[in-house]
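> Okay, here's what each chain looks like letter by letter:
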Amino acid sequence: MRPRTLVAIAVTVVVGYLALVPMGYLLWTTFTDAEGFSLGGFSRAYGSDRIGSLVGNSLWFAFGSALLSLAVGTALAYFNVRTDVPFKALFFAASIIPLIIPGILYTIAWIFLASPSIGLLNSLLEPIFGEGTINVFTIWGMIWVEGLHLSPIAFLFMVAAFRSTDPSLEESSLMSGATRVQTFRRVTLPLVRPALLSAALIMLVRSLESFEVPALLGLQNGIYVFTSRIYEVLRTFPTDFAAAGALAVGLLAIAALGIWLSNRFSRGHGGGTITGKGFRPRPIDLGRWKPVVGLGILLYFFVTVLAPLLVLLYTALLPYYRPPSIEAFQSMSFDNFVAVFNLPTVPTALRNSLLLGAGSATIVMALMAIAAWVVVRSGIPGRRVLDHIAFSPLVIPGLVLGVAIAFVYLRSPLPIYGTLFILLIAYCTRYLPYGMRYAVSGMQTIGAELEESALVSGAGWWATFRRVLLPLIAPALLAGWVYIFVVSFRELSSSILLYTPGNEVLSISIWELYANARFGELSALGVLMVLILAVLVGVAYKIGASVGLKSD
Amino acid sequence: MYAEIGELTGSERRDRLVELAAEEGNALSIYTSLNADIADIVVPEFEEEFGIDVDLYRADSETILQRILQESSAQFAGADVVETNATELAVIANEGLTGDYQGEQRDKVNEDFQYEGWTPTRFNIFAPAWNTNAVAGDLVPTTWEDLADPKYDGILSLEVGDYDWYMTLYGYFQDQGMSDADIDAMFAAMVDGAKIAKGHSGQVELLSAGEFGVVAASYTYLTEKARATGAPVDDQPFVEPVVARANGGGVMRASEHPATAMLFMDWYLEDGQQVLLDNGLTPSVMPDGSDPLAGLEVQPVDVQQLLDEGAEWSDRYAEVVRGGEQLPEN
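Going down the list, the protein sequences come from chains W and H.
So the first sequence is residues 1 to 552, counted in the UniProt record's numbering.
So the second sequence is residues 1 to 330, counted in the UniProt record's numbering.
Chain W on its own, in the form it takes in the complex (with noise of 0.2 Å):
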């Protein structure tokens, strides 16, 4: 057997494994009961005369909130990578911040924003426009927060996909005579389409998942979703596995279908963009545009990122949160801060959740490298396959996530069961579809005849790799290990279940002041995060910068 076939057979077999194993747990409590096979799960999950309101709702919610974070994330991508927009320093804060905050508190820095009882900006508008300007609790103010929190990860995947796409093809096209418009609708979108579509297809999951968003805001004026359903059912007692699993199966379904399509759409355009000829994006110059933009880029930037993070530090500054006033700054302390540093488990929590996110993210890209090769390029019959089983994590819900890796790993004679290990195994599982999502994106923007010049150069196929297209692919690969690192922080429903003592990881530490009711402390540890994890992740770009794809 070639050494590629024998990469490609271990790599599937691993990722395999750690999806199939709750996916399997997941299938067989959803199909049996005591009895043996049964569809009661799928009666008792979908039997609500509801359940119809309720899909509208989500879906209505996730397809606003992904497009508009698509929008803005593609924009804000653009703009960073093809223009001479100012303010370039900020596109960093702005891709990061919101997705370090954990949606618990940015759902709750906007509560403090724009509620029309109590929100310091219909404070600022009433002079204006009166009382209760923008309200907050409706399903436009869900698709806002949510589409704001998430645009963070179109961002990322629309930078590394603007940064290898050849811009010699824009240039023949204004010079041919297309406007800057007719350009970036006509050969600039079908050129990233690939990412796109695996933006797009997260988001949208990720939406109908979404459980913070509906449940702070969608539940005050009665809005319910998809999810209030899965909560409702995990509620009941005994926890009602099989109807959960019906759910989710339903969300799978619907994850499936969009996986087909989107590489159904991505076959046969934008594919290949990056070819043997050398390309060297150049800024365009956006001319008198540019003050315009650039007040864009600013006004975004307060919005997302400033404004809720001011909330956050104004917050931590209190004991308890009260609309501005004299008083209300006069209480301000930084007592929140020091509590923080005394709570006995951050330091431990802090370290292991430092080493979790780095060793999940790294694990997780350098396998999906390999398995995006395998389903994009490979030829091999049936590899689409692995696409599928790669994804089918992102539709498990974190509890019945934690509870089959308990399930397995208590039975098993490794000792894993208890230690820091089981984590790993359950963030590598849980963060598979996103590192597929960005591998396979980049994979599919660049051209075969790289690969095939290389090997008929007489590389081997491992030299081809990591000389070829492991460079080519830097860019995305980053860009889903910094989503991954990031994001793992915020990890709760299966880390709760399988910590230990002396495990313990920052998330706990997070859910332990939610549930305490301590807003002060948990803002402050909030700012505390924003801080740590900016500089991680700078410090992680600064080293991608010099050994991936040079851009600019």
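Since the hints were derived computationally from the structure, they do not count as laboratory data.
No experiment lies behind these values; they were computed from the predicted model shown.
Among the clues, some could well be false.
As the list claims (entries may be wrong) - Stretch-level coverage of chain H by chain W, calculated; a stretch enters the list once three of its residues show a Cβ under 8 Å from a Cβ in chain W:
#, region
1, 35 to 42
2, 59 to 65
3, 189 to 200
4, 216 to 227
Stated by the list, open to error - Part of the chain W face toward chain H, derived, beta carbon under 7 Å:
#, residue
5, 219
6, 319
7, 406
In this text, a Cβ means the ideal position worked out from N, Cα and C, and glycines have one as well.
Using the hints provided, position chain H relative to the given structure of chain W.
Below, chain H without anything else, positioned relative to chain W:
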């Protein structure tokens, strides 16, 4: 072991348990849903007093239940003591996973809260809480029925998962002779114009911030904690009957440290109760041995009913809170 220790009382019992705990290696594993800030005070006090090393696993009650069920199905003895909510403990006890812990302190617990296989250690009490800036004078609720008054429209908040509170209050009004139709109408009027929230702690934060004026069923210890930071919230005098749900502890039958586990339960139900009291919780036995609920009209959450009919009440409550549904204001 349970039989031998069950015979003993007082210092004789404690001395014997200390001796046995030493034989077991002075190590203990506790799974608890007690909040960290309190667990981090309770457990070190126990460790210090007896020189026992405690491994403390903290999670929400549902996760604890899942972990215990998974571990026991694989014959893995992870926990020696489990300390969590009534419903989860009842499931664990019904599975026969807890040992037969008996003792004098256990007998002092209010008789409405005596359960087989586990022992209440603290109470969660539901009572309305209000923002004192927004709600004063006539607006302060004095009965549960008050909350149905239209004057609370737009400022009252209900929690989406409080079906145990709903079930208990429903039973209380039935006992009062109210017809089901009247009770339904009362809850519908409460929900009408109410803001539905998820999570009691978030609810209290938003109450402090003035987003809500009244929270229908707040945990009294959360209200107390907010008030201690200076937030303008109050729940005194309690609206009665207060709805009380027990949290408790059980010693695991498969435990490799059964004596240490019993020692912990003995200590927790005696000296540990003072620590809970000092930290704003409601203990199950007052340090002087009296009943902490004495003097209050209490409606206990019926744990067995919750197990038998929980799914049904959860669905019913879900329907009730949806009554507050308004079309999104687009």
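> Of the hints stated earlier, which fail here?
When the structure is compared with the hints, none of them turns out to be violated.
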